[in-house]
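Colleague: Listed below are the residues making up each chain.
Number of protein chains: 2
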Amino acid sequence: MILAICAAALCAFIAPAAAGSGIPEVKAYLNGVDGHSILAPSTLFVKIFGSIFGVSAGFVVGKEGPMVHTGACIANFLGQGGSRKYHLTWKWLRYFKNDRDRRDLITCGAAAGVAAAFRSPVGGVLFALEEAASWWRSALLWRTFFTTAVVAMVVRSLIEICRSGKCGLFGQGGLIMFDVNSADPSYNTPDLLAIMLIGVLGGIFGSLYNYLVDKVLRTYSIINERGPVFKVLLVITVSLLTSCCAFGLPWLIKCTSCPIGMEKECPTIGRFGKYRSFQCQPGYYNDLASIFLNTSDNAIRNLFSSTNEDEFKLSTLFIFFVAIYFLGIVTYGIAVPSGLFIPVILAGASYGRFVGRLLGSTLNLDVGLFALLGAASFLGGTMRMTVSLCIILLELTNDLLMLPLVMLVLLISKTVADSFNKGVYDQIVEMKGLPYMEAHAEPYMRQLVAGDVCSGPLITFSGVEKVSNILHALRMTGHNGFPVIDEPPFSDAPELCGLVLRSHLLVLLKGKKFAKNQVLTGSEFLRMFHAFDFAKPGSGKGLHLEDLDISDDEMEMYVDLHPVTNTSPYTVVETMSLAKASVLFRQLGLRHLCVVPKTPGRPPIVGILTRHDFMPEHVLGLYPHTIPHK
Amino acid sequence: MILAICAAALCAFIAPAAAGSGIPEVKAYLNGVDGHSILAPSTLFVKIFGSIFGVSAGFVVGKEGPMVHTGACIANFLGQGGSRKYHLTWKWLRYFKNDRDRRDLITCGAAAGVAAAFRSPVGGVLFALEEAASWWRSALLWRTFFTTAVVAMVVRSLIEICRSGKCGLFGQGGLIMFDVNSADPSYNTPDLLAIMLIGVLGGIFGSLYNYLVDKVLRTYSIINERGPVFKVLLVITVSLLTSCCAFGLPWLIKCTSCPIGMEKECPTIGRFGKYRSFQCQPGYYNDLASIFLNTSDNAIRNLFSSTNEDEFKLSTLFIFFVAIYFLGIVTYGIAVPSGLFIPVILAGASYGRFVGRLLGSTLNLDVGLFALLGAASFLGGTMRMTVSLCIILLELTNDLLMLPLVMLVLLISKTVADSFNKGVYDQIVEMKGLPYMEAHAEPYMRQLVAGDVCSGPLITFSGVEKVSNILHALRMTGHNGFPVIDEPPFSDAPELCGLVLRSHLLVLLKGKKFAKNQVLTGSEFLRMFHAFDFAKPGSGKGLHLEDLDISDDEMEMYVDLHPVTNTSPYTVVETMSLAKASVLFRQLGLRHLCVVPKTPGRPPIVGILTRHDFMPEHVLGLYPHTIPHK
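One line per chain: the protein sequences are S and E, in this order.
Residue 1 is where the first sequence starts when you use full-length UniProt numbering, and the numbers rise one by one after that.
Residue 1 is where the second sequence starts when you use full-length UniProt numbering, and the numbers rise one by one after that.
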């Protein structure tokens, strides 16, 4: 409980963003949602230590999600050029000070997290591709591959160094965490039917898991909103519940006599063995205690093992499955960094082994492999990934011959679960209200046009604008992009010159290159600034409106916006189908999309579409009768 | 030579498109280049049998590339709803009659090809992702994954059925073709240095390979252009050369005495063993003959084997490497379906084993693993894939512990080779003159705007257009898209209504729903047609201009184009940077991009950009002084 309180206190008081898995947040960031302090250095700190405390406290949580978040935080830390606050800055890192390279760097960080967590370099690349990233380029494939190759080499060297056993639990199991590589697994029709059953049930249990996690999260968010103290109290409650289960449930189980010929290893001496005595007399062991009162890695290893089929009783597997399933659900959402992979794998493995033992004699495959397939079905049912899970499981277990079966189970469970609800990470993103842009347009968008959803009022600037007007607009609105319109005498008729960003306007105003009259000062201006002055700062960093010090005289002067205007903004005509505009917005990764009028003789811009204008809440709020097809 | 002539005759006389690997063509097709007969049923037929004849003839060619092409052809065959010519049609396949779904289907076909060729289901998905596909969606990941899972299950069942040995060579080696799974490979600093050397040299040899293949292809294309007979003669020449090498070079090698304790297996009795006697007396074997006069699969298995380090002499490996390297180069490009994977793996494996034996005593890793790393370095150096090659090699060899080293070698060889030239498939696409759209914009495009490269003359239609005008335009130009402009009285001023496709115009004209005057007949019209009438036909299929039979009276009538006009075409302003227009065009997978004027009072459309307008040849032809940065 002390460890639990430490983890909760760190999360509740220092960095609330560090609670939970972190994968949904990273996913949303890579989609373009620059959420507050999601990747801040304080979050990084709390994520690392909170995760250590949380896992040590015995919660049913994994370290994998937090490691992905940690990787992304480190990448962000480097991407914003270190931290001035902690006096860690490197000049060469300024090359990452733009949206695209920072996004790439954070994708690599997420890949590195998976690669390190599962010792699965290729799985890391695929996880980044399939789950984390919203935009993918071949250069990114190459970069993540490089990152995870480095991770693999480093992990391998560390394991080599730790071979002597000086590094505690690290390095156990070598490069392959749950090696089940065995003889050729032969299976026949009853096996295949059982495997399909596992897939279907795994899909149902997985989607039920997602549903319950969502409900629990909504309940917890009410409690958590009441303040940090309530967060800590909630953590203490869950910690008590977990301890009661872990130390109480094994009493329900009868002792099993040690397998013959294993007198040396059974019951286990030391803390982490396979046969724990618990309340049993010598020569006997408690099988539930052997998995419950063990590290999660060892528990999974025990469940996957195929050396002794009768190692775990049916009742043990059933109790463990139910306990882990519900503990996993109630633990996610408390103020502790908590990954979902390990609880899901544990529940899935015990369920798979249970089914394998239940059908027992009719099957050819051994129960260890059924445990693996059960884990695959649960992972497919909750997370809905395919290729990446397949490769992660392959790299975890080193059993290539099981690959076709794992693929089959993943396909079935994902298909079944997809008919009920969304993947758990997507659900959490939605629950947190993050404006995540889906890759496809919603069907109801086909009934609308781009002009329908433009929300006003539109604020535009002239090509050479009065300083006071700009300051007023910046102060009154939170907009990040403003259209610039060239008017006579700079053009024959009003025409759209381009788009200017808030951050660039602030740099421009800070430079104070103002003129008394409406004149073009472009070329002079460019000499004053360096390209890096306009580099994207870290989130929450950079110039603020309050940093500007503009005198009353200067307020009446003019500034030429042309040098900082993007003269090639992407535009759509107002009669463009909203679905197609949404595809354009999403595929090109835009933040602003200019809507221009179809007929001449009107102002040259109708409005600006941002991410929020495409959100179902906004569109359906404006047009409640447009039925969202499922 | 008879087999070679059969293969050549099939290729030269029936389907010239079936020659070569087929991967570049599939890659170009998935990029949007709908080349003539690339995926036609006749190509499919020739590809299958030509590949069988070509491989049996003993050419240094693989079956992997052709299998990818075969998979894509089968997918295309299904995608265009079977074939009316061969009386194989299915009505439900009409759902694939649109660009996107057909593209997806063909991507799945390519993935299935790799999955079947290497028995590598996940490798197939990644190959499709990394090398074949130009656009990627998560739905596609799921579909290719499903396809390759089915392939894996089917291949496994067939292997199970063939276990009794009734299926000839099929099924040898089980699901894992070149199993090298062994004890923990431990390596130290000299090993790592040797591996890096292999990577660097592999990159250099790989890029040299690409360079020479390109030169040879250009030479061959001059010969091949002279007619089918010359194609066959070229094939005969290469066949003679290959036979001379295969049966001549082993005479240069001294016989080796059989390893002790292997008297039963050495020299080999039968056709495909490890120790072939060739000219040697009993108790001796010829090691060069053992790899040269063998199936390529067995040759690779022998080179990867680590049971007997001295099995192959240094001189043998050197001669084999040089012979295969150059035979591989001169064989690609003759009129025979020829994959590149096997020649490259063979050359790489012999080179890796050569280096391993040369450095011999200082190394920890055995020569079989060095052969694997050599193959990886050559593959990386020629094909420049990363993740997919990594997984394909993993699934071929089942050695997870080698994964970090394979990644390292691939990274090094790709990096080294990329500094010299492009990947071999990209090079072939370029050499064939296919208008392949790169994912990124070229730097010189930033100096130009969209309006600069519009090539005229522009042909536009009115919203309600005279039949004769449409027919004239269709006859005079090869354009596939025409802008439709609404003019008074249908609008206040001329405005862009949308874009109409040639194929839809033909369907419209075939329907003969004409009117005497300029009136809107939209709603009536829609009742006449079914959505599937506008489905995309197979390439070369569908309505042609000659199929229309329009009388002179009808020529003077009007037809309402509105119902078939796409009223939401993507547009860019003429002053949009060409680089950004190119990104828009490529990312959204467009075929036509409308360029609209910036200032009012001009015709509502300036021009249409197509794929050809973005090609370097076109742009640099118009603006030769725009230096293409490398």
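These are calculated hints, taken from the structure and not from any lab test.
The structure presented is a predicted model; accordingly, all values stated were derived computationally and were not measured.
Careful, some of the hints might be misleading.
Remember, identical chains collapse to one label, so a pair may be satisfied in a single copy or spanning two.
What the hints assert, rightly or not - In silico PhoX-like cross-links for lysine-lysine, where the CA-CA straight-line distance does not exceed 25 Å:
1. K422 / K97
2. K580 / K598
3. K580 / K97
4. K215 / K513
5. K215 / K432
6. K422 / K598
7. K536 / K580
8. K516 / K313
9. K512 / K97
Colleague: Up to 25 Å between alpha-carbons, please classify K215 paired with K513: within, between, both or neither.
Modeller: neither (55 Å within a copy, 58 Å between copies)
Colleague: How do K512 and K97 come out at 25 Å by Cα distance, when the copy is not named: within, between, both, or neither?
Modeller: Classified as within; 24 Å inside a copy, 60 Å across copies.
Colleague: Check K422 against K598 for me: Cα-Cα at most 25 Å, and say if that holds within a copy, between copies, both or neither.
Modeller: neither (39 Å within a copy, 44 Å between copies)
Colleague: Checking K536 and K580: alpha-carbon separation at most 25 Å within a copy, between copies, both or neither?
Modeller: Between. Shortest inter-copy distance 20 Å satisfies the 25 Å Cα cut-off; intra-copy 29 Å does not.
Colleague: Please work out whether the CA atoms of K580 and K97 approach to 25 Å or closer within one copy, between two copies, in both situations, or in neither?
Modeller: Answer is between; shortest inter-copy Cα gap is 21 Å, intra-copy 31 Å.
Colleague: Checking K215 and K432: alpha-carbon separation at most 25 Å within a copy, between copies, both or neither?
Modeller: Close inside one copy (13 Å), not across copies (58 Å); limit 25 Å.
Colleague: Which holds for K580 with K598 at a C-alpha limit of 25 Å: within a copy, between copies, both or neither?
Modeller: both (16 Å within a copy, 22 Å between copies)
Colleague: Regarding K422 and K97, is the shortest C-alpha distance of 25 Å or less found within a copy, between copies, in both, or in neither?
Modeller: neither (34 Å within a copy, 29 Å between copies)
Colleague: At most 25 Å between CA atoms: does that hold for K516 and K313 within a copy, between copies, both, or neither?
Modeller: neither (87 Å within a copy, 86 Å between copies)
Comparing the model with each earlier hint shows violations of hints 1, 4, 6, 8; every other hint is respected.
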